[in-house]
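*Asks:* Keeping the supplied structure of chain A fixed, place chain B upon it in accordance with the hints.
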Amino acid sequence: MAPEAVLSLKGVSYTYPGSEFPALSQIDLNIRRGEIVLVTGPAGAGKTTLCLAASGILYHDYGGTLKGSIAILGKDIRDYPGMAGIGREVGVVFDDAEAQLIFSTVEEEVASGLENLGLSRDEMHRRFHTVMEATGISDLADRAPHTLSGGQKQRVAIAATLALGTGILILDEPTAELDAAATATITDLLLRLSEEGVTVLIVEQKLNDLARIAGRTILIEGGAVVKKRITKTVLGRPGDSFRPPVPSQESVTTPIISIRGLTHHYEGVAALKGVDLEITSGEIVAIIGENGSGKTTLIKHLNGLLRPTEGSVLVDGLDATSAPTAELARHVGLVFQNPDTMLFAETVGDEVAFGLENIDPGHLCAEKVDAALQEVGLLHRKAVYPRALSRGERQRLAVACVIAMKPRVIALDEPTTGLDAQESAEIMETLGRLRRDGHTIIMVSHDMHLVEDCADRIVEMKDGRIVPGKRTPEEGPCPRSCSMSPGRASFTASTRSPN
Amino acid sequence: MQYVTREGIFHRLHPLTKLIFVIVVVILAVLTSDTAMLAVLTGLVLATAAVAGLARDLLRQVPLLIVLAASLLILTILISPDGVTLGYLVPAAVPVVGGIFPITAGAVDLALAMSLRFTAMIFAFQALVISTQPRELVYVMDYLRVPVDYTLMFLIALRFIPSLQLEGRRISEAQLARAYNPGRGPVGKIRGLVPILVPLIVNSLSKATVLGLTIDLRGYRSGMRTPMRNLTPGRADIIGFCCIGLLITGYLALLVL
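Residue numbers (our numbering), protein chains in the order written: chain A, 1 to 499; chain B, 1 to 257.
It should be emphasised that the hints constitute simulated quantities derived from the structure, not laboratory data.
Beta carbons: idealized from backbone N, C-alpha and C, even for Gly.
Don't take every hint at face value.
[To be verified] Where chain A lies over chain B, by a calculated footprint (3+ residues, C-beta under 8 angstroms):
1) 94-101
2) 219-225
[As the list claims (entries may be wrong)] Here are the computed lysine-lysine pairs in the DSSO-like style, where the Cα-Cα straight-line distance is at most 27 angstroms:
3) K300(A) - K273(A)
4) K273(A) - K207(B)
5) K406(A) - K368(A)
6) K10(A) - K227(A)
7) K207(B) - K300(A)
8) K10(A) - K75(A)
If we strip away everything but chain B, and leave its shape as in the complex, we get:
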């Protein structure tokens, strides 16, 4: 998840507009548990991304979201049974343990709502990250008077996601060249992670020192930030704000109705 150079509506928007869009989506997603409304919200975020040419990037997260949704479903079935029983996690026909975990309509509904909520928030955040250069985010956070330490922490976190992916791939290649076998079975798979995780952690820690020093030496604490690119809001931002306003109005109208 990192900035991608591309020509699109989202790329042309002022970073503050995009940040407000993400904040609005997060607030709207948190304020309701209605699956229909959350589904509409997720659909709108995806449609916006599609118009901006970012849909394919967002859809890459679908496998991760499916795993998340499945985990949430199992969790809600186990801890939050409510309403009509739709079936059983362990079929009733199984002797002794059959029918011990009922799958209830309430649990499914809750899992669905939580999954849609996460999907809307992750899609909105990803659309922001892949269409906004990190330095522009830093500029906006400065403008919003976010303390510089938090801004720099955010910057480092953003930088480390692709960096860890890259380092992981490189380490994996180096071990594959030694006929590395990722392991079989749960224990084998966990053991098989050692040749990847140990170098990944040790190498990342050593790079973190240089990264911190570089940020300091490039003057990120100077408080004299001037963006090289013109970041004045334009017509696209006015349209963006109108869309955000419509989104909030529609949401409130649905709540009242």
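Bound-form chain A, shown alone:
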């Protein structure tokens, strides 16, 4: 171990309990005080496992077979008295932000760790306000965590960890759900912390600004380090490879969705404030905006999951303010951000068949199931247990479940969150084909590059309203978002793990 290394992994291999194959193989990594090390790699490469190993969680909490040595501040993790002891030195932000929010208000969430450090009340207040401001969540202090958007939850989880003031931070995809502005805030904050001597280990698939601040970027694949130091030129943009074909002329003239004066209040918060939007048939429309701007609330009105407090919503000739959700589901398919909210069946085929059975009971057509799976490239996985699929495959299965029902409109909420560049490209290719077949696609995303690459029109939301002015990708995105995302990782098919 190098003398100045504060986090050191030497010959670390790990096999999960019940698994035959190692998730990590012979990892050597020394991180110096104040260094930011970025670990990247395709989905299933072992990035999360590396975070769990480095923080001592695998040894103290998971069991399994751990070989090699891991030292934190020169002390072997086996010599720490459990995670409570390691927690004094290491702060960990997990990829599932929601699961690490324990309390009933944001203020309580961030203060909770501070109260266990034996600090004076003045010091606690000072540290609390510093962290809340630095992470940009001061205005959310009284909100209940469960009412926040995905990106806001992620910032609260980061703030609660930063408040602990540990010298080492291990962050698992901390910006996956953040918009460009919030990503820049967190990136700048991490840079400042590293200058103050905090050591940071981050794993992330979409590198964005993180590559800019990282001292080293390491590529792992199949549980092993394949490149110890990758340069920023490797991290170029994927280009227009998945730009969808332009729809036929007649399909872009008929309006299929018409929203007028849509207002929605939720638990005393005005989530939408008079939204007007018209979408023509065959368009790919991207809805962008900062976390909590009302994007998800808007698309939930398209199939009756939410009903307006005021205003009208017409979808494919149906009044979505009163039509039953079961009826609207035939016209509008909604793919949720997390596919795990819907997967319950024993096989991939049964999962797709569920929706078809619902809209046409007793007339299940096996060809329709196969066609939907073929469309998303999962036909060969038809007999597999859905939760055994990779994250990207599960996302594609969620798309298959919706397109099997042949809705004219397909709305997707953050369809590429948690996916690597290759998986994102596959989803986008699928959407391109669906548009060619006459579907209208509405996509909520905070990934500006994705949106630029594939949308016909970009609708920007802010504070529950649509920002005036029609924007096409050729005109460019809003200056604020664009300037904050210089590039993202691109992994060719050859660098993907074979999972």
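*Replies:* Relative to chain A, chain B alone:
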């Protein structure tokens, strides 16, 4: 059932005062089977909540309490017939099976007493939970020397109630978007639960690991807890204790009389 940010008397009370209030209500409710006394006790708890601006939150539990009371009534009619017969669960006019389950005054009285007892206890506990931040409850339990494992179990249980509700709603929305039909008839309804329950259980289990780790990493076993908010008892607590004292005195007086 979770903390709600609000300005009210109950929110201003020291968490220990509120905890003692709940314990006193539970003890008083358990010690008597007199329906009149239990009705007064329930009324007092509700009145206290109303003064603190929490009545509407408590009354949301009424549908659940009605189901509970109806279940208790059927149970007592079936297993504890006592006193004057007021009628029959199956009317006497029905051939063969008519009049087999007599509804007795004793059974109704017992069901009423048990329902009121549960109502008083649930109302008091809910008033505590919605007016006290979980970390303050943790602080009080530490102060009372409750072992840290039990405190953390309590914390996780409190956290999981709203979390399960939220996850359930999210899963329900995802299935409704696939034209999910909740099912008809008893068998259909049970079968219809599968698309909701399977993801709910699997997702909750996966979140539980991260939750446990987060609690450890935030130092909840450090034993060095210092509340960021000043939790010194104030004038409201003195008034609170006087009210609790009056409640106990009145209760004892009624028992003696």
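*Asks:* All the hints need checking, so say for each whether the structure fits it.
*Replies:* The hints, checked one at a time:
1. 94-101: This one is violated; 0 residues, fewer than the three required, reach chain A with a Cβ under 8 angstroms.
2. 219-225: With 6 residues close enough to chain A, the hint holds.
3. K300(A) - K273(A): Judged against 27 angstroms, a Cα distance of about 15 angstroms means the pair holds.
4. K273(A) - K207(B): violated, 34 angstroms
5. K406(A) - K368(A): Status holds; Cα separation ~9 angstroms.
6. K10(A) - K227(A): holds, 16 angstroms
7. K207(B) - K300(A): It holds: about 25 angstroms lies between the C-alpha atoms, which stays within 27 angstroms.
8. K10(A) - K75(A): holds, 13 angstroms
Going down the numbered hints, you'll see the structure goes against 1, 4, while the others check out.
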